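Assemble chains B, C, D, E and F onto chain A, guided by the hints.
Protein chains in written order, with the numbering used here: chain A, 317 to 478; chain B, 317 to 478; chain C, 317 to 478; chain D, 317 to 478; chain E, 317 to 478; chain F, 317 to 478.
Honestly, the hints are just simulated from the structure, not real lab data. Quantities reported herein were computed from a predicted structural model and do not represent experimental measurements. Ideal Cβ placement from N, Cα and C applies to all residues, glycine included. The hints are all genuine.
The following residues of chain D were derived to be distant from chain A, with all beta-carbon distances above 12 Å: (1) L318; (2) K335; (3) Q349; (4) N408; (5) L452; (6) D455.
The calculated EDC-like cross-link candidates involving lysine to aspartate or glutamate, where the alpha carbons are at most 20 Å apart (straight line), are: (7) D:K422 x A:E336; (8) E:K335 x C:E336; (9) C:K449 x C:E406; (10) E:K335 x C:D399; (11) C:K335 x B:E336; (12) B:K324 x E:D399; (13) F:K422 x D:E337; (14) B:K460 x A:D448; (15) C:K422 x E:E337; (16) C:K422 x B:D399; (17) D:K339 x A:E331; (18) F:K422 x D:E331; (19) B:K335 x E:D399; (20) D:K382 x A:E331; (21) B:K422 x E:D399; (22) B:K324 x E:D401; (23) C:K382 x E:E331; (24) B:K335 x E:E336; (25) A:K460 x B:D448; (26) C:K422 x B:E336; (27) F:K465 x E:D448; (28) A:K335 x D:E336; (29) B:K335 x E:E337; (30) D:K335 x F:E336.
Number of protein chains: 6
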Amino acid sequence: MLTHMDEKGRPRMVEVGEKEETKRVAVAKGTIQMEPETLNRIRQGKIAKGDVLAVAQMAGIMAAKKTSDLIPMCHNIFITGVDMDFIIDEQNNKIHIEAIVKTVGKTGVEMEALQAVSIAALTIYDMCKAIDKNMLISDIRLIKKTGGKSGTYIREGEEIDR
Amino acid sequence: MLTHMDEKGRPRMVEVGEKEETKRVAVAKGTIQMEPETLNRIRQGKIAKGDVLAVAQMAGIMAAKKTSDLIPMCHNIFITGVDMDFIIDEQNNKIHIEAIVKTVGKTGVEMEALQAVSIAALTIYDMCKAIDKNMLISDIRLIKKTGGKSGTYIREGEEIDR
Amino acid sequence: MLTHMDEKGRPRMVEVGEKEETKRVAVAKGTIQMEPETLNRIRQGKIAKGDVLAVAQMAGIMAAKKTSDLIPMCHNIFITGVDMDFIIDEQNNKIHIEAIVKTVGKTGVEMEALQAVSIAALTIYDMCKAIDKNMLISDIRLIKKTGGKSGTYIREGEEIDR
Amino acid sequence: MLTHMDEKGRPRMVEVGEKEETKRVAVAKGTIQMEPETLNRIRQGKIAKGDVLAVAQMAGIMAAKKTSDLIPMCHNIFITGVDMDFIIDEQNNKIHIEAIVKTVGKTGVEMEALQAVSIAALTIYDMCKAIDKNMLISDIRLIKKTGGKSGTYIREGEEIDR
Amino acid sequence: MLTHMDEKGRPRMVEVGEKEETKRVAVAKGTIQMEPETLNRIRQGKIAKGDVLAVAQMAGIMAAKKTSDLIPMCHNIFITGVDMDFIIDEQNNKIHIEAIVKTVGKTGVEMEALQAVSIAALTIYDMCKAIDKNMLISDIRLIKKTGGKSGTYIREGEEIDR
Amino acid sequence: MLTHMDEKGRPRMVEVGEKEETKRVAVAKGTIQMEPETLNRIRQGKIAKGDVLAVAQMAGIMAAKKTSDLIPMCHNIFITGVDMDFIIDEQNNKIHIEAIVKTVGKTGVEMEALQAVSIAALTIYDMCKAIDKNMLISDIRLIKKTGGKSGTYIREGEEIDR
Numbered sequence: 317m318l319t320h321m322d323e324k325g326r327p328r329m330v331e332v333g334e335k336e337e338t339k340r341v342a343v344a345k346g347t348i349q350m351e352p353e354t355l356n357r358i359r360q361g362k363i364a365k366g367d368v369l370a371v372a373q374m375a376g377i378m379a380a381k382k383t384s385d386l387i388p389m390c391h392n393i394f395i396t397g398v399d400m401d402f403i404i405d406e407q408n409n410k411i412h413i414e415a416i417v418k419t420v421g422k423t424g425v426e427m428e429a430l431q432a433v434s435i436a437a438l439t440i441y442d443m444c445k446a447i448d449k450n451m452l453i454s455d456i457r458l459i460k461k462t463g464g465k466s467g468t469y470i471r472e473g474e475e476i477d478r
Numbered sequence: 317m318l319t320h321m322d323e324k325g326r327p328r329m330v331e332v333g334e335k336e337e338t339k340r341v342a343v344a345k346g347t348i349q350m351e352p353e354t355l356n357r358i359r360q361g362k363i364a365k366g367d368v369l370a371v372a373q374m375a376g377i378m379a380a381k382k383t384s385d386l387i388p389m390c391h392n393i394f395i396t397g398v399d400m401d402f403i404i405d406e407q408n409n410k411i412h413i414e415a416i417v418k419t420v421g422k423t424g425v426e427m428e429a430l431q432a433v434s435i436a437a438l439t440i441y442d443m444c445k446a447i448d449k450n451m452l453i454s455d456i457r458l459i460k461k462t463g464g465k466s467g468t469y470i471r472e473g474e475e476i477d478r
Numbered sequence: 317m318l319t320h321m322d323e324k325g326r327p328r329m330v331e332v333g334e335k336e337e338t339k340r341v342a343v344a345k346g347t348i349q350m351e352p353e354t355l356n357r358i359r360q361g362k363i364a365k366g367d368v369l370a371v372a373q374m375a376g377i378m379a380a381k382k383t384s385d386l387i388p389m390c391h392n393i394f395i396t397g398v399d400m401d402f403i404i405d406e407q408n409n410k411i412h413i414e415a416i417v418k419t420v421g422k423t424g425v426e427m428e429a430l431q432a433v434s435i436a437a438l439t440i441y442d443m444c445k446a447i448d449k450n451m452l453i454s455d456i457r458l459i460k461k462t463g464g465k466s467g468t469y470i471r472e473g474e475e476i477d478r
Numbered sequence: 317m318l319t320h321m322d323e324k325g326r327p328r329m330v331e332v333g334e335k336e337e338t339k340r341v342a343v344a345k346g347t348i349q350m351e352p353e354t355l356n357r358i359r360q361g362k363i364a365k366g367d368v369l370a371v372a373q374m375a376g377i378m379a380a381k382k383t384s385d386l387i388p389m390c391h392n393i394f395i396t397g398v399d400m401d402f403i404i405d406e407q408n409n410k411i412h413i414e415a416i417v418k419t420v421g422k423t424g425v426e427m428e429a430l431q432a433v434s435i436a437a438l439t440i441y442d443m444c445k446a447i448d449k450n451m452l453i454s455d456i457r458l459i460k461k462t463g464g465k466s467g468t469y470i471r472e473g474e475e476i477d478r
Numbered sequence: 317m318l319t320h321m322d323e324k325g326r327p328r329m330v331e332v333g334e335k336e337e338t339k340r341v342a343v344a345k346g347t348i349q350m351e352p353e354t355l356n357r358i359r360q361g362k363i364a365k366g367d368v369l370a371v372a373q374m375a376g377i378m379a380a381k382k383t384s385d386l387i388p389m390c391h392n393i394f395i396t397g398v399d400m401d402f403i404i405d406e407q408n409n410k411i412h413i414e415a416i417v418k419t420v421g422k423t424g425v426e427m428e429a430l431q432a433v434s435i436a437a438l439t440i441y442d443m444c445k446a447i448d449k450n451m452l453i454s455d456i457r458l459i460k461k462t463g464g465k466s467g468t469y470i471r472e473g474e475e476i477d478r
Numbered sequence: 317m318l319t320h321m322d323e324k325g326r327p328r329m330v331e332v333g334e335k336e337e338t339k340r341v342a343v344a345k346g347t348i349q350m351e352p353e354t355l356n357r358i359r360q361g362k363i364a365k366g367d368v369l370a371v372a373q374m375a376g377i378m379a380a381k382k383t384s385d386l387i388p389m390c391h392n393i394f395i396t397g398v399d400m401d402f403i404i405d406e407q408n409n410k411i412h413i414e415a416i417v418k419t420v421g422k423t424g425v426e427m428e429a430l431q432a433v434s435i436a437a438l439t440i441y442d443m444c445k446a447i448d449k450n451m452l453i454s455d456i457r458l459i460k461k462t463g464g465k466s467g468t469y470i471r472e473g474e475e476i477d478r
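Okay, chain A solo, but in the shape it has when bound (with noise of 0.2 Å):
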């Protein structure tokens, strides 16, 4: 059985008022690919137009404040802070999105740092989406996560440079 789950087959909120407060920290990652001169207009706009990165990453630092308000059985936290970072990668169209989140709590902060990467994806695309529908969002996933009693997970094949 899912630990989300209760004996019923209905979704609950897993008690953590036992769990230690510890550091915890969790990075995710994501991309979203795109069209050449989308990307290009990413990329100038930084500079003379307008920074859609940096709309993204306050869009994804605001939603990872209120992933429990979105996912239904996340506990709602003390985030106590989040780093974002953004890496055009234009051999392949791509913008690599991160999000580290860290908090010192109960729980840990997998889904914020998700949410934040996921929300800031979607923002790149609501931002150009006007020039170009095509646009894919992909590999969204947990890096590396610490603290809590399930100690550290690395996910295999990354590199990890935080």
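Below, chains B, C, D, E and F without anything else, positioned relative to chain A:
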């Protein structure tokens, strides 16, 4: 310049007051890949231990209603209906997620459909992460949109059955 | 099958795009029972020490606006007006709560009226729980609805004065 | 004077900074009465056509997390866990709804438990209102609370099994 | 008596169902005063270190969409567009903030425009408070409104250029 | 560089995980100026026709709880208490608004206090705008903060009585 940026390069909420109220539909899809054992538990749970996908569907629909709360420059609109579907793909260890969002209004519901798919995928991740942290969310994309001045868009290479 | 469930037995947001925009009204009622002393303080407070029922009314109206945020399959609609009333029933140590919600739209506002009554009752509970934890909220019900295809509903045995 | 009113008779958010962080539990209950046929459909749906009570449970848990957003003077707190249960009472054509909310903190979770029960009841109403508008929500009450300075409260005449 | 109070002296959400749907525009302004050095950093940041005003503009627009969530008796309406502008006034060490909100609907958007200006100002405060706690937010006011039964309002003594 | 901007010039949520949990208090003030007749109605209403300032106080307190939802880089924190006060200044046709917010935590509550004052002022505007559109909100400022590493701040030239 992107329509979502003003002349100073800051994000703006595009004025749609002059647009016509038309019936608008958007279809989005995405996938979540997981361990065979995880997929198996989701499939079996449907019958006896709680339907993870019902939770995901509910989360997706609720998220569609909050799209404008998360995507910064999105209009807050009245959604007339949301349908979702999940197709279990045992061969590829994936669940295919689909959302169809409808409205009668001045702007489209592409973001609402993409949001529903994204949050449904994240909800599946959350419900199963205790047994499988390696899940991967991919191929979130707009399949089709109808209505509005720009007319019908169908993503190339997609089978459209509704 | 319930209209709010799809063919796979998962909750759906019923499509109302084809429905006509009509003026719609819903009236809901409920009661909260308490110790005579608690009721007395609420009555006296009105004059000198703060109007608990004004707080409850404000909470009820604000909650009506958020109905679709809480009731999963509810449509997010524009509410044109909300009136509430509280009748102190000293004989039975009760306060009768009433909410009248109006809209012009494609779906009814029954849930909004029931939500306003429920949250107003809970707010009274919250404001007074330091002196009375035995309060009891009962008889939350739809009294009347008008407008829409299904027409007028009046609950049997209820006096309708508006 | 009520503790939730200040000296000018206006609502205040009571300062709890000096209170101790303790484990706190609150149990609330309520009922929803309906036509036998409606109850029957809910019971049968569990197996084949969609579990209305799973939707209600999810809505109740999500609402518990938003209690401070709806109840004006409620503190926004971290909830460590929520369990809900529904008991079908065919003799009385009722469903008994129970919510157990836990936290480790400076204030109790009575309102959160009452909120979960109320919204779960309203969700059942919403899901079934197309076939039964006469449903009646009653007996929403606090059953028990533990933790905090005021200690344990048990409602008189209630059987407590947890 | 104020229209926003009912006959018992409790707040009410004024019924607007009979009002006509017209195009409505509201313009609001405000200022934030700060140390010259703070203003300087904001100005320079635009080019090299991050555009505080882009963050403020985004926050203002998002807040406009949530006006009815914060202002208790405000109607929840569909906003068709929001534009904001910031004018740096070096002589007075101020930033002038302007918001223009539009809708097609039954109620005006004055509160939405005032809300956008207020939250944009608070966001500037938040982003810079580590270096300057003495900032001062002033002169938040409605400049102009058009549309609706009460017609056009222009604040005396204001230059109107749009 | 501002602490709220990262090295790429995009907004970041500053990490506070290492900060100590201390008792923190913030006091903010602001004013709203209006026609003498409007001020008169608010004053008289207190007694007979509904207390506008009670509505404003409630709105301010509720807004304080949502600060992190509106101010993009603000941490979502547990507020232990909020007090507000309104002083009617007939000589200057103003209402002085004050908010005192307290917490025990890793970050201050300056923004929460400023938010409470701002939204209370906007609520007064909303409640009275049918009779007076010329109201002016000014002098929103931080008066005092205590707690945290940066210690006590008192705004120069302000009388502090709490």
